[in-house]
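There are 2 protein chains.
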Amino acid sequence: MKLADKVLEGDIRAAAKLMRAIEDESTSAIDELCAIYPHTGKAYIVGLTGAPGVGKSTLINNLINVFRTKGIKIGVVAVDPTSPFTGGAILGDRVRMQQHGLDEDVFIRSMATRGWMGGLAKATLGMLHVMDAMGKDIIMVETVGVGQSEVEIAKVADTSILVLSPASGDEMQMIKAGIMEIADIFVVNKADRGGAENIAGAIEFMLSMKTYLPGDWRPCTILCEAVYGKGSEQLVTEILKHKDYMTSCGLLERRRKERARLEVNEAIEGSIASFMHQSLENGGEIEKLVDEVAQRSCDPTSAALKIIEQFSKRFHTTQE
Amino acid sequence: MKLADKVLEGDIRAAAKLMRAIEDESTSAIDELCAIYPHTGKAYIVGLTGAPGVGKSTLINNLINVFRTKGIKIGVVAVDPTSPFTGGAILGDRVRMQQHGLDEDVFIRSMATRGWMGGLAKATLGMLHVMDAMGKDIIMVETVGVGQSEVEIAKVADTSILVLSPASGDEMQMIKAGIMEIADIFVVNKADRGGAENIAGAIEFMLSMKTYLPGDWRPCTILCEAVYGKGSEQLVTEILKHKDYMTSCGLLERRRKERARLEVNEAIEGSIASFMHQSLENGGEIEKLVDEVAQRSCDPTSAALKIIEQFSKRFHTTQE
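Chains X and C are the protein sequences, given in the same order. Going by the numbering used here, the first sequence opens with residue 1, and the numbers climb by one from there. Going by the numbering used here, the second sequence opens with residue 1001, and the numbers climb by one from there.
Keep in mind the hints are simulated off the structure, nothing from the lab. For clarity, every value in this text was computed on a predicted model and none was experimentally measured. Just so you know, not all the hints are guaranteed correct.
Said to hold, decoys possible - Some chain X residues judged to face chain C by a derived CB distance under 7 Å, without partners named:
1) P38
2) I222
3) R256
4) K257
5) A267
6) S271
7) S274
8) V293
9) D299
10) A303
11) K306
Said to hold, decoys possible - No farther apart than 20 Å at their CA atoms in a straight line, the calculated lysine to aspartate or glutamate pairs in the DMTMM-like style are these:
12) K1257/C with E292/X
13) K122/X with E1292/C
14) K241/X with D137/X
15) K42/X with E1292/C
16) K257/X with D1291/C
17) K1306/C with D31/X
18) K42/X with D1291/C
19) K1257/C with D291/X
20) K1257/C with E287/X
21) K1257/C with D1137/C
22) K257/X with E1287/C
23) K1122/C with E181/X
24) K1306/C with E269/X
25) K1257/C with E285/X
26) K1042/C with E292/X
27) K17/X with D5/X
28) K257/X with E269/X
29) K1042/C with E1253/C
30) K1306/C with E309/X
31) K313/X with E1269/C
32) K1313/C with E269/X
33) K306/X with D1031/C
34) K306/X with E1258/C
35) K288/X with E1253/C
36) K1122/C with D291/X
37) K257/X with E1285/C
38) K288/X with E1258/C
39) K1288/C with E258/X
40) K243/X with E309/X
For every residue, glycine included, the Cβ atom is placed at its ideal position computed from N, Cα and C.
The following block holds chain X by itself, in its conformation from the complex (with noise of 0.2 Å):
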């Protein structure tokens, strides 16, 4: 339990090595999630979303500097793939601590790839946890918004931007990907680009087929040129207006809630597949119905029900 004790003490190096034990899933991050989760939940959670290359990267570090010139403490979990971030994870940690290295109140952590190959929504919510731990004010998470664990990060945020570009010509597929319907804020990054009007158009043409009650949030459009710095005074202003409009109206707490519950069935499915996991060890009765299922002599239905007998008989056996 001493890690998390230091975490919540705000201890950097403390912070780092834990969440490197979540994302290398030791078990002893469980015992130590466990122990931080009663002091989390005061963190505000903002997700970026955006095809790799529209500048995710360094609107987040235009955001950090705004952010901290009104003293709110920062943290940032890098989940895309692509990011300069994540790169960092690999070429070290320089790069990307450049700007921010020497501010104790920015705290910059990428997913390894190791991380979404398997429990992606997992690692990256305990990732969250930490930095909430450590007294984190907002914590963006940046993601590609392709794949199902990336889209099920972005639906949990408090609030969601989707960033977009002249260049990247993927706003198609944002749309059909459901991402378009869970942003609270567009932005339309390398404005200074020609097409940039018409992508904001779009999204005007298409929220002004929304009918929106009094009361309700309208996602504003918000064009930037992030490696100029231009916007990101006006983004953070309407972040923080979203916030505001988030915990007045109790839409925060039904967030929480959904985020609570994507948690929950991370856990009932990883405890289910480490029972899958020992029993495979232990030369195993699931190993032959998947031989069974290989063969075509049972269907993967059956053989699930009769896994899950097994699993619920053992877990009888264990809990008495």
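Position chain C relative to chain X; hints supplied.
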């Protein structure tokens, strides 16, 4: 069961109907899939993975042409959310059917948005079974290679092809994501553009660092210009060569077992998810637990254990 019988007779409309039921996660689909399952396992699965815009769909179109001249019956499942095939699911079937629409032995199916918001792997495997039961010899699965489910699918293909292009610039990300490691064949598409040889060189360098024992499959790199049909013949030859290798060395059986394992896992998750959903509709104790987690009076791991206990109790009651 009528649908399953018709599918086994090769009825295209019945197959399309069953695929829609799979995507809608209707309970009838599970029964139909169980009915066709014993008749599957004959088709050979070729996975094509690559970033959006590398030209996977054009390449697949070319491959279909070459396979058809050899009398090979083809199925295509497009999981890529940015694929023109997938676009076809919204824009209507006309565009993607244009070229092969009159050929009864080509069946192309894209996964609609819904599919990849949840249960992507499960639905994709279902599509494969339907095409397999219809008598397709080779089924190609197109994925963008980001996201957990996508990687899972790519890993269980019999032959995995990684498609790169000088324009994509995602090579480093693919390496990091571990997709490079599972590829049996590398394709550098848009080979007429500058930089293609650099990519091919980088792949060869990477491969040269690995140790291949006699009898091991050593991936090769094929340069293609899909828009002009260049390289497709060579690629088909290489796919069939790898198919022979997989069959003769017993690896095919191993991949199929991994596919069965993935499918059993998906069935278990589905069964638990539907239990959770039912409980939610019944006013549920689970809902109370999620509330407690959201309010930090219970941690996710403890909540998961309680839910599993309830599930296993209920499971025992219904089984008796």
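| field | Index of numbered hints that the structure contradicts, given in increasing order | value | 2, 7, 11, 23 and 40
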